[in-house]
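Colleague: My numbering applies: residue 1 is where the sequence shown begins, and numbers increase by one.
These are computed hints drawn from the structure, not numbers from a lab.
Each hint should be verified, as a subset may be incorrect.
As the list claims (entries may be wrong) - Each pair of labels, with its calculated beta carbon distance range:
#, residue 1, residue 2, range
1, Glu181, Val537, 23 to 31 Å
2, Gly119, Tyr347, 22 to 30 Å
3, Arg418, Lys210, 18 to 26 Å
4, Pro462, Arg401, 53 to 61 Å
5, Asp117, Gly417, 19 to 27 Å
6, Glu533, Asp304, 42 to 50 Å
What the hints assert, rightly or not - Each computed EDC-like pair below joins lysine to aspartate or glutamate, with the alpha-carbon atoms no more than 20 Å apart:
#, residue 1, residue 2
7, Lys201, Glu241
8, Lys168, Glu203
9, Lys302, Asp313
10, Lys155, Glu181
Using N, Cα and C, we set each Cβ at its ideal position, and we do this for glycine too.
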Amino acid sequence: MKRWFKVGASFLGVVLFLWFVGFVIFCQTVFGYADDDKAIGAFSQTDEKENENVFRAYQDYAKKENDDVRVIALYLPQFHQFEENNLWHGRGFTEWTNVTAAKPLFAGHQQPNLPIDVGFYDLTHPDIMKRQIELAQNYGVDGFAFYYYWFSGKKLMERPVYNYLNDKSLTLPFCLHWANENWSKRWDGGNSELLIEQKFKREDFALLAKDLLPFFKDPRYIRVNGRPLFIVYRPALFDKELFKEFTAYLRQFGRENGVGEPYIIATKQFNFWDNPADWGLDAVMEFELLNIFGLREKTVVKTDDKANFRVFDWAEYINGGKMRRTYAYKTFRTVFPRWDNSARKSYSGALIFDGSTPDVYGKWLDYALEATREDFEGEERLLFINAWNEWGEGAMLEPDRHYGYAYLDKTREVLDGRYVRKPDTPPLGIAVLTGGRNRIAKGLELLNNGVGDRLLISGVRPGTNLGVIAAREDIILKDGQPIDLGYQATDTVGNALEIKDWVQKHKMNKLAVVTSFYHIPRSALELKHALGECEIVFYAANSPYVLRRWWTSWRSFWFLTAEYAKFLAVYLQYHILRL
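With the hints as extra help, turn the sequences into a complete structure.
Modeller: Next comes the structure, spelled out in C-alpha cells:
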C-alpha cells in the first residue's frame, strides 16, 4: 500500500510540477500579449503583386479596334497665364502654381502629384496639344470636352480652346463644356470671394449661340446622331424657365445655321435630380462622387494642424459598389481616375480619396463600359472620364511621376477587353469579446484606423443599444459606422459561435479579435475551432488588472490560475479528446 501511495504521490508531484511549469509559461505568454499597440499574429500576404500600382512605362499601341463606346475626357484649359489670373492670384499664376505647392497632409498622403512626358506645360505652345492628342489616341481616349468659361460675352482662359479650333492639324474630336457657375477665389463656384459673377439673361442667348457656332461647324466637333454635343455644368443655377427658353433658342439657332439641333446635356451634381426633359435637356451625365454618405471617414495623423480636409478610402468606394447606380432618366456614366483636391483646398475643406490605384480605377471603368453598352445604342454610347488634366483636383489620366503611364495603360487595357475582373476583396472583420474593460474602445479605435471594415460587439446584454454602450464606455460613435451588436453569447464558447455566424453572413476570411491579454489563449482555441480557415489576429485591450507580479498577490494568482485551468480544459477538449 505504501508503495502505491509513493507512486501516486510521485505521479501527483510530476503532474503538479508540469502544471506549475505550464502555468509559468502561460503567464509569461499572456504578459507578452499585454501591449495593446500591436497585433498578436499577422494576416498572410498574397504573392500577387499589383503591377498596376507601380510606375508604368509608355506603351505604344496599335489603333483601337473596338470603337462602339466613345470615351471623352474632360479637359481643363487653365495651364497658361492670362490677365485675370495675374490680377487675382499674382503674376505668373497658372494651375501648376497650386499643383507644385501641394504637400502631404497626413502620413502616407501622396502629394505633390507632378507630371512627366508633357511636363509642366503651357497650353499656348502649339506642340503641347499635339503630344496630348498622341497620348489620348494611343491609349484609347476618343475626344476632349473643353471647359468653356463664358460670362455674358466675357471669356476666361479661352486661348487654348480657340487655338485648338483654328489648328486643323489637331485631329482629336472635341466638344465644349460650359462652366456656367461663378468664378471665385475658392474654386467652388460659390459667392464667397467672388471674382466674376454669372448673370445669364435672355439678351445673352444670341451672343452665346453666335460664339458657339464656329465650334459646332467644325468637322471634328463631337456629334450624337448628327447633333453637336453641348454640355452645361450647372443649369440649376439659372431659373428653370429661362434655361428651357435658352435650350429651345439654341436648337432653333442650330437648325437655322445648318449645324442641327444641339444635343444638350448637363452634369448630375449638387442635388440636380430632376427629369432632364423638364429643363430642356436631352440627358445628364454623372459628375460628382455620389454616395459617399455611409462611407467611413478615415482617421489619419495630420502633418499640418491647420489643414482642413476629409479622407475616404477609394477602394472602399469602388469595392463597395458606390459607383453602381441605376437612373430613371437618360444618364451617361462618368469615371474618376482618382480624386484629391488638396492642391487647391488644403485649408478650405479638401476631399481626399486615399488609396486610389490604376487597378481600382480599371474596375470602375470596366463597370461603366458595361453599363454604357447595356443602357445605350449607337452614337449615344458615350462614356466620360473626369478628367484628362485636373491636376489641382488630383483627377487626371496624364502620366505622373508616381504611376507613370499606368492610368492610361489601364484605360487601354479595359477598352481592349483585356481587363480581368478580380473578385471583390472580402471585408475584414473586427470582433470584440465583451467581458473586460476597454475592449469596446479598442475595437472602435481599430475600426476608425481602418484595420477592418466592420465591427461586431459580441456578448451584449439584451436591451443594450449603441447609445448605452457609448455612454458607459465613454466613447464617441459616428453616424453610419458599420457596427453590429450580438446578443446571443454569454461565454467564450458563445462568442465563438456568434462570431462564426457573423463572419459567414458577411463572407469574411480575415478577422481581428479584441479581448483582454489574459483571455487570448483560450479565446484563440475556441475561435479557431469554430471558424476553421478564417485567419485571425488578436489585439489586447488595456486591462485594469495588475497581474505581472502574480506571485505577490493571492488574488492575482487565483485569477490567473482559474484562466489557466479554463485554457487547459479547452485544450484537452479540442486537442486531446478531439471533441
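Colleague: Hints first: check each against the structure and report whether it holds.
Modeller: Each hint tested on the structure:
1. Glu181 with Val537: 23 to 31 Å: violated, 49 Å
2. Gly119 with Tyr347: 22 to 30 Å: Given range 22 to 30 Å: holds, Cβ gap about 28 Å.
3. Arg418 with Lys210: 18 to 26 Å: Hint violated: Cβ distance 46 Å, outside 18 to 26 Å.
4. Pro462 with Arg401: 53 to 61 Å: holds, 57 Å
5. Asp117 with Gly417: 19 to 27 Å: holds, 26 Å
6. Glu533 with Asp304: 42 to 50 Å: Distance hint for Glu533, Asp304 holds at roughly 44 Å.
7. Lys201 with Glu241: Holds. Lys201 to Glu241 sits at ~11 Å (cutoff 20 Å).
8. Lys168 with Glu203: Outside the cut-off at roughly 32 Å; violated.
9. Lys302 with Asp313: With Cα atoms ~16 Å apart, Lys302 and Asp313 stay inside 20 Å; holds.
10. Lys155 with Glu181: holds, 13 Å
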